[in-house]
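There are 4 protein chains.
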Amino acid sequence: MLINFKNYRESTGKNALTIARIAEKVSDELGVVISVAPTFIDAVKVKESVSIPVYAQHVDPVGYGSYTGHVTMENLKEYSIDGVIINHSERNVMVKDIEFAVKKARDLGMKSMVCSSTPSISGSVAVFNPDYIAIEPPELIGGDVSVSVARPEIITESVNIVKKISPETQVLCGAGVKTGSDVRKAIELGSSGILVASGVIKARDVEKAISDLANALR
Amino acid sequence: MLINFKNYRESTGKNALTIARIAEKVSDELGVVISVAPTFIDAVKVKESVSIPVYAQHVDPVGYGSYTGHVTMENLKEYSIDGVIINHSERNVMVKDIEFAVKKARDLGMKSMVCSSTPSISGSVAVFNPDYIAIEPPELIGGDVSVSVARPEIITESVNIVKKISPETQVLCGAGVKTGSDVRKAIELGSSGILVASGVIKARDVEKAISDLANALR
Amino acid sequence: MLINFKNYRESTGKNALTIARIAEKVSDELGVVISVAPTFIDAVKVKESVSIPVYAQHVDPVGYGSYTGHVTMENLKEYSIDGVIINHSERNVMVKDIEFAVKKARDLGMKSMVCSSTPSISGSVAVFNPDYIAIEPPELIGGDVSVSVARPEIITESVNIVKKISPETQVLCGAGVKTGSDVRKAIELGSSGILVASGVIKARDVEKAISDLANALR
Amino acid sequence: MLINFKNYRESTGKNALTIARIAEKVSDELGVVISVAPTFIDAVKVKESVSIPVYAQHVDPVGYGSYTGHVTMENLKEYSIDGVIINHSERNVMVKDIEFAVKKARDLGMKSMVCSSTPSISGSVAVFNPDYIAIEPPELIGGDVSVSVARPEIITESVNIVKKISPETQVLCGAGVKTGSDVRKAIELGSSGILVASGVIKARDVEKAISDLANALR
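Residue numbers (the working numbering), protein chains in the order written: chain A, 48 to 265; chain B, 48 to 265; chain C, 48 to 265; chain D, 48 to 265.
Hints are computed from structural coordinates only; laboratory data are not their basis.
Computed from a predicted structure; not experimentally measured.
A hint or two may mislead.
Repeated chains share a single entry, so a pair holds when one copy, or any two copies, can fit it.
As the list claims (entries may be wrong) - Calculated lysine-lysine pairs in the DSBU-like style (CA-CA distance at most 30 Å, straight line):
no., residue 1, residue 2
1, Lys249, Lys151
2, Lys143, Lys249
3, Lys151, Lys255
4, Lys61, Lys232
5, Lys255, Lys61
Same shape as in the complex, but just chain A:
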């Protein structure tokens, strides 16, 4: 389970630390791995404040060098950031940049999570053997209906094609996940976890929202 903080007011600055600590607490209590993906600006502060895995929301296809305004994995590694989200539908990248980022994450001992919106794209990015593929049909992102309910075949077909091409890659279910029942449906369809954002960040009771989802994952 990964919570994408995006750039919501409720999950940046001090709020990023608050939500990360709640996630850590629930993770400890329920024994479920909960990761968080704060903004670039918040990432190091969050990493230093909690012991759960911290992901960057994106990474640029460059390493050390004369690059202004870019985010490199080398720089993330200097703070022991645990992984990176790649190709989120709000930050799509070119296919060669996915190859670059997944490979470099592996070389640096970091986790890679590549986002996908269709079964074919899931298969396509599976060729690079990322640790995780998160299915998020863009039309469901931020909405109230989970992909596991609205378009279950997208999960099933993604799981099948990924299993064939890269058996070690785990498939996560994103977009519209809000309730424990969404999660259980996602697991039934063959996914190994969830990628969630507004469902947690915009919840009236963040701790309860995280607990409900984590409980369903146990």
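Given the coordinates of chain A, work out where chains B, C and D should sit on it, guided by the hints.
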């Protein structure tokens, strides 16, 4: 004087803090304002470690919201980051995004520094009334020859057109600035300061490099 | 008056020739200069079929060379295409690319029309001395309300700032222009013509739509 | 065999027609299918002048609608353009845009050729079942050494992974192909044809260059 840390190995992670502290020390000793622009990842750590102004290397044209992998000025402001570099030649943006960023910086009480590579572009971005315009012909960036020496007319003409369109905007001289003599030439040509990167970061003696430039600015 | 054909089904392929010929006919009858901007694919066919000016909808910031999938002004010039639209809100470009395109258009004897969405951007692009600046607030594009009616101050302020910075540049009024009365309002506010798309292309009677607008321009 | 005209002076405008006619002549004489990919601007003129297949160098991920400066497959189809190059290293696109373009080409009865620079990327794009995958390591493009000679394992591995994922997709060998011997090596390694640009366009004797390559393909 602003030091752009880019993504050099010598100026990210712990090295970012080291160089920022040297800059702070020289600034205190010589009474010259020295600002630093570390990576997004390092920015907060640097800001918390020194009292000199800290800039972000870039900012995206969005505010709080459902944006993954973007950098917002609101988020920078939460840590009291002092300003932003906009339209660096390694991270050029659309004209409407320059308008967005300069305006939002002003609204949030942050400084804006817009990069330009020609006198016309200097005039063009001056219309938005940024605090600073930094002239950096891309072909001189990272090189050994200062723009103030190689292409003095670019500085002179930029200063003239900016004075006409936005008299309060200060013009900085970037690209290839390495020695005190480069700086003196830049000041003679009408610029108010310098934007420097490899000239400091890649110097064998960083403190001496910063001191030489700062001394020439006094 | 420039008619932007965009990629509407009603104005590509054979339909592009049909509408271009109607525009030519109205232009001849009323003695009003009417230009057309078909797609890249249709541009040469349209140019060979009518005697009114033909514009490209965009141009890339490169010349002859090893560029795949780019549009160069040199290539347009080989067919005597008359001008280029630059920085349309559906195809925004970087500030240095506006400088490149306006300058190269001038060098090649082609007309340049730069789109803008605010008075400040109008002033900003005026520094490059294009032949035309077309004001199109994106929120009004494709709609039923003309910018000259909904936001007259955007036109007035644009005209004022452009007059100061580049007196020879003519200001056109775009976005939502549909009726002769929209046009008259636009002229009153100081603009010299109009940029229109759906108002003509999606009209039930295209000839009547063009005639009405052209009549109001006389 | 596909000849990519890029934006070379030698292959745009009237020169595009000249080279296309030479290609047609050689194709007729030798009985080898030779396709050409002129610029967007030249594409229709070339299509109307020759009977060999004509490809577009790129296509945007949109259909009919309010898109300025974009190239749609619908518009290409109106002139019976035969296929599209997708993801050329000089015009890389996002993975979802490759899916879009390959699928739409299939729906419209057009051919799709996706470019790749590594075996993994070949496998990744093979998931979308394009008609062709062209291997072009960017560092060899425009050079004098053929990929089939310099990096034969890139071809072999690409052929193997593509065969496994999408057996009907044919693999072409690009980048640096200049001589008949380069072509024979490419065929030996399992590719079905070649993608060539400067090797033909910049040749002193274009007809001889095309003949040599085509002869080797027989």
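These are the hints, each one checked on the structure:
no.	hint	verdict
1	Lys249 x Lys151	between (33 Å within a copy, 25 Å between copies)
2	Lys143 x Lys249	between (34 Å within a copy, 28 Å between copies)
3	Lys151 x Lys255	neither (36 Å within a copy, 36 Å between copies)
4	Lys61 x Lys232	neither (34 Å within a copy, 45 Å between copies)
5	Lys255 x Lys61	within (20 Å within a copy, 38 Å between copies)
Hint check: violations occur at hints 3 and 4; the rest are consistent with the structure.
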